[in-house]
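Turn these sequences into a full structure, and let the hints guide you.
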Amino acid sequence: MIAELAFAYMRERVLATLLNVALLALSVAALVMLLIASAQIGERLERNSQGIDLVVGAKGSPLQLILSSIYQMDRPTGNIPLSSLQSLRRAPGVARVIPLALGDAFRGYRIVGTEPGYLSLYKAEIAAGRMFAGEGDCVIGAEAARALGLTVGQRFIGGHGMGEDDGGLGAEHEANPFTVTAILKPTGTVADRLIITSIDTIWHMHGIEASQDNAAAADPEITALLVTYRNAAGAVRLPLMINRETNMQAAVPAIETNRLLSLLGVGIDGARLFGWLLALIGGLSIFVAMLNAASAREGDLALLRVMGATRAQVFGTIMLEGTVTALIGALTGVLTAHLVIAQITWGQSPLAQLGIEPWRWNGGEAAIDAIVVGIGAMTALVPAMRIFTANLATMLGKSAG
Amino acid sequence: MAALDVNGLSHAFGSEAVLKDITFRIDQGAHMLLLGPSGSGKSTLINLITGILPCQSGTIHVAGEAMSGARGRQRDDLRRRRIGVVFQSLRLVSALTVRRNLHLAQRLATGASESGQIDALLDRLGIRHRADAPLRQLSQGQLQRAAIARALIGRPALLVADEPTSALDDANAADTIDLLLETAQAQGTSLLVATHDRRIMDRIGHRLILGEDARAAA
Chain B
1 MIAELAFAYM
11 RERVLATLLN
21 VALLALSVAA
31 LVMLLIASAQ
41 IGERLERNSQ
51 GIDLVVGAKG
61 SPLQLILSSI
71 YQMDRPTGNI
81 PLSSLQSLRR
91 APGVARVIPL
101 ALGDAFRGYR
111 IVGTEPGYLS
121 LYKAEIAAGR
131 MFAGEGDCVI
141 GAEAARALGL
151 TVGQRFIGGH
161 GMGEDDGGLG
171 AEHEANPFTV
181 TAILKPTGTV
191 ADRLIITSID
201 TIWHMHGIEA
211 SQDNAAAADP
221 EITALLVTYR
231 NAAGAVRLPL
241 MINRETNMQA
251 AVPAIETNRL
261 LSLLGVGIDG
271 ARLFGWLLAL
281 IGGLSIFVAM
291 LNAASAREGD
301 LALLRVMGAT
311 RAQVFGTIML
321 EGTVTALIGA
331 LTGVLTAHLV
341 IAQITWGQSP
351 LAQLGIEPWR
361 WNGGEAAIDA
371 IVVGIGAMTA
381 LVPAMRIFTA
391 NLATMLGKSA
401 G
Chain D
1 MAALDVNGLS
11 HAFGSEAVLK
21 DITFRIDQGA
31 HMLLLGPSGS
41 GKSTLINLIT
51 GILPCQSGTI
61 HVAGEAMSGA
71 RGRQRDDLRR
81 RRIGVVFQSL
91 RLVSALTVRR
101 NLHLAQRLAT
111 GASESGQIDA
121 LLDRLGIRHR
131 ADAPLRQLSQ
141 GQLQRAAIAR
151 ALIGRPALLV
161 ADEPTSALDD
171 ANAADTIDLL
181 LETAQAQGTS
191 LLVATHDRRI
201 MDRIGHRLIL
211 GEDARAAA
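Top line first, the protein sequences correspond to chains B and D. As numbered in the working numbering, residues 1 to 401 make up the first sequence, in order. As numbered in the working numbering, residues 1 to 218 make up the second sequence, in order.
These aren't lab readings, by the way, just hints derived from the structure by calculation. Even for Gly, the Cβ is constructed at its ideal location relative to N, Cα and C. Any given hint might turn out to be false.
[Unchecked claim] Going by beta-carbon spacing under 8 Å, a handful of chain D positions derived as facing chain B: (1) I22; (2) N47; (3) L53; (4) R79; (5) L90; (6) V93; (7) A95; (8) L96; (9) R99; (10) L104; (11) A109; (12) A112; (13) R130; (14) D178; (15) L181.
Take a look at the structure:
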């Protein structure tokens, strides 16, 4: 009986109900989007930089160096000599150095010249095919393969540029097509969105006939080096030495990532406050609507009591209406948030490059829903109590006429 | 057994006595008019009989069960099982159709809902074709018939009608009182009709007169 009446009243005031649902849905959507973005961005940034203690590249913004070399998001700061690779590999306290050669792309997906060791950073495994070996060979990250429709054995031509919109749309390297030798299994890291090949292939495409073993011959360049320390001594000496004694810069991913997150955090905190303000407005709207509805419905509620409904049943009708309105708003908000994220992470947008997964649920969403439903229940409580404690004879006196 | 037995009933609001030593009885299946001007205590008497107000002095028995002396929930329960009420303007739950109102009333009164009985009652009252229409589409006369159906669907021993025809035109007023009497009769339900509507005064023989009118009648 309580449910039938609550839903009947919601249908009767469908516009007011929809307005309240929309207000709450907006606030929940904003809060859930912020929750997903902040949680997944932080987690993704951390996962992408795992195993990389230091990035060495051309002088410039350290944040730009980190973004371009680890997260494959920004343009590189410039190039550095290949000789730096051998120097760093000989340095005490260094366990591993992985070179990167960037600058090309295929339909917006970056082509990274590197060594097979790069894949081990992300624990990337081959789903089908074999590791790149000869010139022109490449392996494709799972998401890039899906988006580009590439399969093992297919050939394609890369182009200059790394922008989200224009990168790799040309066919500047027509003479040097790539051949897909493998597709990688999904890793949940930046590797999913990359086309990975050897540095020799990159050099060959750009007319640099050199190899890492014969670096001095043509003074070739690379873009950056991903360094893993062997011990703590490396962390103390190496960055200082590079920044002071060479024309390169050394950037620590942990520091730059924290700086990035704290910059993002200010905006996220502001937006979160706005989201909760919206939730409060939604709650107040339900409160006013329920209070007015309870007053307008006093006759109905008195009649229900006359018909034999208990105080608790009448109280429950009002409580259920407020709670269900808030629940529908909360669930609509969650769905809206995921749909909006799916829309804005489609294709090559910056958020897509951050690897935000729109349909991954976060435990915090349930907490936001619970709080919003609680707000709905609380706002229904006052009008419900008013009816619960009202004198039936007085209510009838006002309504029965 | 009487459908309603009122004995020595008195009631006051503060120091103002509204009812003094009222005694009357309505036998099962019988009908009675409750007459009196505004302020004569008609509504108070109805509220006491239906258990909306607690009884201060005297006794009230509905179908043999004591309303007087019962606590709030017991009075609610007795009203739910034994009494149907029709008001002048408070007729149906606005958010529900006539049929849903009747289902609700039936469930509250008996704990079960039987569609066949609802259809039969709506047929008898001539509004079955409007059973699923929104209430705003029903005329005043149709709404009052629906209210009668709502009050009778639980097969109460006593139906109390408070000014059931005052808001209706002549044709609808005559129609409503006829239907009220006919349907109550068919179900064996006793009627107590509170009114000052002269159009229906000659339809019911037994009368209880309150206030100034009582002194005039005496």
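Evaluated hints:
1. I22: Hint on I22 of chain D: violated, closest Cβ of chain B at ~18 Å, above 8 Å.
2. N47: 5 Å, holds
3. L53: Holds, because the Cβ-Cβ distance from L53 of chain D to chain B comes to roughly 5 Å (cut-off 8 Å).
4. R79: 6 Å, holds
5. L90: 5 Å, holds
6. V93: Hint holds; V93 of chain D Cβ to chain B Cβ min 5 Å, cut 8 Å.
7. A95: 4 Å, holds
8. L96: This interface hint holds because 5 Å falls under the 8 Å limit.
9. R99: 12 Å, violated
10. L104: Cβ of L104 of chain D sits 6 Å from chain B, so the hint holds.
11. A109: 6 Å, holds
12. A112: For A112 of chain D, the interface hint is violated, since the closest Cβ of chain B sits about 12 Å away, which is over 8 Å.
13. R130: 17 Å, violated
14. D178: Violated: closest Cβ of chain B sits about 23 Å from D178 of chain D, beyond 8 Å.
15. L181: Result: violated, 22 Å to nearest chain B Cβ.
Checked against the numbered hints listed earlier, the structure breaks hints 1, 9, 12, 13, 14, 15; every other hint is satisfied.
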